[in-house]
Structures are given as C-alpha cells and as structure tokens.
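Asks: Line by line, the protein sequences give chains P and G. Position one of the first sequence corresponds to residue 1 (the numbering used here), numbered consecutively onward. Position one of the second sequence corresponds to residue 1 (the numbering used here), numbered consecutively onward.
The set of hints was computed from the structure by calculation and includes no laboratory data. Note that this is a predicted model, so its numbers are computed, not measured. Errors might be hidden in some of the hints.
Claimed, not checked - Simulated pairs of lysine to any residue, SDA-like, Cα-Cα distance not exceeding 25 Å: (1) P/2 <-> G/105; (2) G/12 <-> P/60; (3) G/3 <-> P/52; (4) G/279 <-> P/41; (5) P/436 <-> P/469; (6) G/194 <-> G/346; (7) P/279 <-> P/473; (8) P/279 <-> G/107; (9) P/279 <-> G/38; (10) P/12 <-> G/107; (11) G/12 <-> P/24; (12) P/12 <-> G/2; (13) G/3 <-> P/104; (14) G/12 <-> P/99; (15) G/12 <-> P/28; (16) G/259 <-> G/357; (17) G/279 <-> P/44; (18) G/2 <-> P/99; (19) P/279 <-> G/113; (20) G/436 <-> G/317; (21) G/2 <-> P/104; (22) G/279 <-> P/27; (23) G/122 <-> G/380; (24) G/279 <-> P/115; (25) P/12 <-> G/38; (26) G/12 <-> P/3; (27) G/12 <-> P/94; (28) P/3 <-> G/114; (29) P/279 <-> G/114.
Stated by the list, open to error - Quick list of the computed label-pair ranges, beta carbon to beta carbon: (30) P/165 <-> G/15: 32 to 40 Å; (31) G/56 <-> P/373: 36 to 44 Å; (32) P/348 <-> G/5: 51 to 59 Å; (33) G/213 <-> P/480: 58 to 66 Å; (34) G/56 <-> P/76: 26 to 34 Å.
Idealized CB from N, CA, C, for every residue including glycine.
Number of protein chains: 2
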Amino acid sequence: MKKPSPYHRLEKRFRRLSAIGDAIAVLHWDWSAMMPPGGAEGRAGQLAELAAVRHALLVAPEVEELMEAARAGGGLDEWQRANLGEMDRQWSRAVALPEDLVAAMVRAQAACETAWRDAHPKGDFAAVLPSLERVLELVREAAAAQGARLGLGPYDALLDGYEPGARSAEIDTLFADLEAFLPDFLGQVLERQKGEPDVIVPDGPFPAERQRALAVRLIEALGFDFDHGRLDESRHPFCGGTPDDVRITTRYDEDDFTKSLMAVLHETGHALYERGLPKAWRGQPVGQALGMSMHEGQSLLIEMQVCRSAQFMAFAAPVMGEVLGRSGPAWEAENLRRLYARVEPGFIRVDADEVTYPAHVMVRYRLEKALVAGELKLAELPAAWNEGMQRLLGLTPPSDREGCLQDLHWYDGAWGYFPTYTLGAMTASQLFDAAKRADGAIVDGIGRGDFQPLFAWLGANVHSKGALLPAHELLSQATGRPLDAEVFKNHLRRRYLG
Amino acid sequence: MKKPSPYHRLEKRFRRLSAIGDAIAVLHWDWSAMMPPGGAEGRAGQLAELAAVRHALLVAPEVEELMEAARAGGGLDEWQRANLGEMDRQWSRAVALPEDLVAAMVRAQAACETAWRDAHPKGDFAAVLPSLERVLELVREAAAAQGARLGLGPYDALLDGYEPGARSAEIDTLFADLEAFLPDFLGQVLERQKGEPDVIVPDGPFPAERQRALAVRLIEALGFDFDHGRLDESRHPFCGGTPDDVRITTRYDEDDFTKSLMAVLHETGHALYERGLPKAWRGQPVGQALGMSMHEGQSLLIEMQVCRSAQFMAFAAPVMGEVLGRSGPAWEAENLRRLYARVEPGFIRVDADEVTYPAHVMVRYRLEKALVAGELKLAELPAAWNEGMQRLLGLTPPSDREGCLQDLHWYDGAWGYFPTYTLGAMTASQLFDAAKRADGAIVDGIGRGDFQPLFAWLGANVHSKGALLPAHELLSQATGRPLDAEVFKNHLRRRYLG
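Required output: the full structure, derived from the provided sequences and hints.
Replies: Spelled out as structure tokens, the structure:
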C-alpha cells in the first residue's frame, strides 16, 4: 500500500480534531439543554480535558512538519489548498498557547458561567466579579500570546478567532458610519410610529407545546430537517451540535409567543447554514462555516430580512392563527408584521429591534476593547456600561441584571465576539439584496412559504462553499461589493420609513 | 514547586482518560435517548476518534514507565496502591490492542448497531449478518491479542474486560449447579401457580406521563437525585452518564405499566451504585465501579430482592394507585406482589421472570463461547439459538426477532458480558441476605418506603469502596462467603415455593 501523502496525513489528523470538536459541541449543547445542575463540575472537567487533548493534537510537532511538506509537495487542488490554509490558521492560533492555559481557560469559563447563572437573576455583579476577573486575566494572556504570534494587537487577536481577517480599525470605520446614521434615524422612526395606529398585541396565554408546534411547522417549511436536528429548550436560544445533527434551542414565554418564535427562526438560519456546508468536506477545516459574521449573516437574513417581511407574514400569519388556535384582527398578517417591526429602545440586547440593536453592540464593543487593553477595570464595568447605554440609547438600566450581567458572553470567555452581530446584520442585508436581484422568484416564494429559490441561491453562493474563500471575498463574489453599511441603511430606511 | 511524583503524574493522566471516558458515556446516552437518526454517522466517527485518542493516551510509553517508577518508589497508601493496580489492569488490556483495531471496532459496532436497528423489527438476521461477522472478526482479533498478553484464553480475555478476574471454568461450575436445580424447580413453581387464584392484571391504558410520574415518585423515594441525574426514554432501558450525572432510561408501554416501572427501578439500582462511588476518587480507576456482576448485583438487588418483595409492595401499591388514578382489587399490595412474581417461560430475556432468566443467560453464554472459539459459525446462530431455547425452556422462537436478534449486545460488540447477569443475580441475593442479617431495620424500612438503612449498609459495604478490592474479595468481606448459587437458590425457594 502506498504511504499516505503529507496532505492526507493532515486530513486524518484534522478529522480527529474535528471529531473532538464535534464531541465538545454536543457536550455544550447537553450542558445547556439537558444536564442536571450536579453535572456541572464533571462536565467542566470533561470539556477542559477534551480542549487540552485537542490542543495537544493540533500543536504536535508533526503537524507543522506535515504542513511544510504538503506545501512543498504541491499538486493540491483549490479546495485542498484552502483546507491547508485553514489548517495553518487553526494551528497558528493554537501553537501560541500552552496546553495548561487552554485547559485553565475552559475551567475558568465554566466556573464563571456557573457563578453567572447564580448572579444574573439577582443582578449581583460583585458575586461574579472574582471569577470574571480570572476569565479576563486568562483571555488577556491568550490574546497577548496569539497577538505576538500573528502580529496583531491583543483585541484583534481575539477578534480574529471569531472573524478571521477582521480588524478593529475597519470595524471602527463601519461602526462610525452607522453611529452617524442611527441616532437621527431612530428619532425619525419613533416619530413616525407615534403617528400610526396602535399595533394589536395578541393576548396570551400560549401554551409552550402549542408554541413549539408552531415553531416546528414554520422551520420545517424553511427546510429544517428533524432527521438531522432537534429543537429543545434552554435559558438562552442557541444553535449547537454538528452539521448532520444540528441542535437549536429556545425558551417559551407563555404570555408572548412572538419572541420565542423569532428566536427559533433566527437559530434556524444558523442551522441551515451548518446543514448546507459541503458534505464532501465534513470533518475538514475547509468544510466548516466561515466566521461569525457570515454565520450571524445567515441567521439575521432569515430572522430580519425574511421572517419580518410582509411576504413572510402573508404566509405565516394564517399558520400562526391556526396552530395557536386564534383568530381576529390581531392575527392579520399586516398587524403581525407591524408587531414584529416595532422599534423601542430597551435595556436588553436579545430583545432589541433591528434599529436599536447596533447600539447595544457598540456599547459592548467599546467596553471589551477597553477591558482587553487594560484601560478599563472590571470593577468599573457596571458604571461604564450604564454610561454607554445612556449615551447611545438614552437609557440607564435599573440594575446590573438589565445591564452588564445580561449577556453570558464575557463570563463564558467570548471576548471579541460582539461586533460580529452587527457585521452580521450588514452581511445579511447585502446577501438578501443580492439574492433578490439574482432571482425574482425568491420574494414571491417567501409569500407562498416556498423557500426553495432562496436556499438555492444561498446554497450555491454561501453554504456549499464552506471556508473555501475568506469571508470578505465570498461576500464580494456573492454580492458584488465589499462589506459596508449602505445596503443595511437602505434596508432600514425602506422598512421603517418607507 | 516540587515536581509531581510518578504516581501523581499517573493520576493526572488517568483523570484525562476518565474525562474522555465520561464524554464517551454522555455521547452514548445522547445517541440512544436524544440523537436524530441523521446524526449516527457523525456520532460513530466521534466515538471512534475518542476511543482511539483514549487508547493512545493509555498506551503511551510514559505510562508504563511511570507505573514502574511509582511501584518502585513505594510510599503509597492502600487506595493509591489499588489505584495503581487498576491503572495497570486498564493499561495491560489496552496495550495488547493496536490503535487502528480500537477505532475499527467502534466503527464496526456502530455500523452493526445501525443495521440491527433496522433488522430487529423485521426479524431479518440475514440483513445484519455481514456487519455482525465484521464485529465478531474484530472481537476475536482483540480477544486473541489480549488473551496472549494476559495469559488467558480468548473468551476469558473478553470476560475479564467486563468482570475482572472471572474465568469461564468457574462460571461453568456455577451454572452447572444452577442448571441442575432450575428445571425441576421451575416445574414445581409452575405446578404450584396452577393451584393459585388468578392474578388480576390492571387494565390500561396508562398514559406515559403518568407512568413517568409514578417512576419519579418511587425512585426519589429510593434516593435517586434529579440534581444529579435524568430519567428519559430509549428503545432499551439502560443506565449511562457519569457518577455525578447519572442518566437512566426506560420505555413506556401504555397498555402495561408494570414492565416499564420495574425497568426504571432496576436502572435506579445501577444509578445509586454510581452515585455512591467514593467522591474523593472521582476520575481515578479505583473510584470506579467493580465489574458488571457487582453492577448487576446492585440493580437486581433493588429490582428483584427489594422491589418485588411483599414489604416494598405494601409501600408502593398505594402510591401506584394514587399516581395512576386507580383503585380496586387489582391495586392491592398482595395482588401486585403476585403479579410481579409470576413465572412463565417466554422468548424474551428482558421480559423474563427471575426463575427463567438464568436459562436465557445460559443459552447465550454457551453460544458466545462457541462463536468466539470458532466452533460455531454466525450463519448457524439462529438454529443453534432455537435449539438452546428448546432444550432449556421448551420453547422455539417464532422468528429471529424473538430469537437471536432480540438483544443488542453482540451486535454492539459486547461479547463475554452475558454471564454477568446471572452472576449478578447471585451477588444480589448474597448481598441482600447479608444486609438483612446485619440490620433488622432494613426490611421494616422498605415497608415504610424508608430505604436509608439499606443504602447505609450498601454504601458502607459496597458503593463507597469503589474498586479498592477485587469483586470476589469485596463480596466475601461483605457477606462472609464467596459467590455461589446457594443463597440465590434459597431465595427462589422462599419466594416461589415458600
């Protein structure tokens, strides 16, 4: 038998790394959706050990040697070259970190997440501060080490882990553009809303099992396949699992079905991206999704561009009434569309509308940059948070529960992640705009509950490409322009002032 | 900082191995209880890669070196010495196997399990034969390699993996003893049953959620802690997960609540053993359960010795009536006791009563010995199975669904496991007998739904000892006698002819 080439030996190694990563993903899902509280300590240990094992397999000397040999050997096709590039990217980020730091981060994040679960409902930031300080200390250590290796500043080193190639200087420019636009625009939208008739809010209660049945109906229409996925409950909605076994979650508020439903539709956007990744490249770096902006671009394309549109409501309103067993003026498509397009500044990011959402992101983006740079101390975070909210949205949270304790991200070790939400909103706008221009049947299809034309375009232009191209290149190829705020701003103008 | 000793470096390594093992256990549970069918291929890959990683970490040269250094260094206490002994046992079994064989076995088992899930309902043995042949081929390869290393015959090498120290020659003797006893005894029991008034079978339907509520009530009374465990549904009841997050499953038949309930109580016996393992030794080999005979001894102690007793029924019958919303003669404790003590030869092992169960085990034990030895071909299995059933129970299965396809074990790679069920029944009898002699409050407690005295004894004499002693030594210390069939036979005589 011929000895496998260096490239094929790398594929074997990365198949193993991917399997460990998939196992970690399932264990994370289980933690959030299934695990009893007494399992937390053991689970944290499992995740830390798997992360350390994964790290050790990735930074083993033979990986670097094999990558050099594979590059020198040549003869690779486009996908294989991109795969090798992604391997190198993963390796470069990992080799900067000692194994002990990797395991310590997982443990510190798990401890802090557990502390946060207790402190969040009480709004008790002081209770979680020591564990958060430990998390940030390790994150800064990792950021410095990765930054030194990659020639990036510490914050960019973190950002690059979620959004390969992104730099905070570019984000600053994009966000400055939006910030110049949004406050005025928000004022106009609120002014206009005042002059409109009241939206009728459907009266609850809506039993959780009916809400679930409604969600199942709509996500099956979108293409979610329960032979390859699950819908469960967790405190915070998320999409986890693996491409062939995608696990999305939501939580049900029996007084208000609208948030839960839209959360499920959002996660379905993530799920369908994962499902659409190139099957031939399962388990290889090039077969994985691009960064978080493209991922959030998929979820926001479904949630914001598609599911809050008049066309989608024309299809979905009768289904909602039928499955929830209601009828009347509140259940008219136009009322539901307006319900889902209401703009109102609020404290909570995950409840924010499309117009005020970027302000939430900008507050966090500035704060996390300052915290990582050491220019802000964690003890000063609550005050700095409240000041940011006051400045951008004119609101001061009544307690840290509605302030700096509301998101799990930082407590869970996700630093440098927040800006991708708003990059994702821009990405979603640009992609949907290009899709509609490419195929006139897309919008009509949505109105009939036929999403095939939309997913045909997304499949061909985004999902099936995996990580073949860098995100900015894929976006340019798919939409004809680099990422900017223009299409997003036009979308907002059309929807809220049109 | 002082360099960690060889022994402590081993503990660190085995903590990692244990964490990977725990992750595998959760992924297995998920497969059976949660995973959508489309996840099977990916999950098989995850399990194979984790098994290979675990194997590689266990057989790495430094483990052998560290074990030698730890032994030479001395200064270890009793638990540490036992821990080192268990490490050596795991290492010796693993080092006999090449990593590729380990991964190939996991993959072959997963493929065969998938084929079995399809073939079982159809009774189509031919459909699963090729994948089963692959499984047996690899099992025999592993058995030969491990046997050569451990100085055991191939079957004993497999058996030793489930029941350390057990040898088929001893099992032959124990089983011969039982086989000399059971046929006559069964005849007497059936004769006696004929002369008794009919048992009243409670009429269904019993909605699954009511059955679940009943199970929860009773297992909470036994001490099952939902902060450290779950109860879910799967095709076959099992106990999985980890000591601090024990996952038991059952399936509900809405026409008959009795089987599901007893299955949950059985798995609770396993679960409480896991929960009671010494907390200080979590993640170390000595902190794990003894072999399958002791594990099955715990589940059968709860199911057969405790929960089918008159005392338990006095406590449980009113709870059953209350939670299922029924009353009348069928729900009297004595009727339910007799219902749960009915003896009737049947085709299906998992539905068998206490008296006929050993016959099912003996059929499988002989067949698997012959198959591993190469004295029987898999193609001949259906006929050999039916012949064995005819000889021992006077029954011929109508199809392979009720015959050699009924159990997942062989298809899933568990060879050398079956005899531990009957060793477990003997173990359970001996332990319960000793417990009752040691503390007169145990039986009274059961009648009041107070299981604290029982678990105090089990905790002190079995659970908290982990793998400190070999199973036969622990049993001798706890009960004053080695494993034999006498106490079990006496128990059967008392219950069925007393």
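Asks: So which hints don't hold here, by number, going up?
Replies: Violated hints: 12, 26 and 28; rest satisfied.
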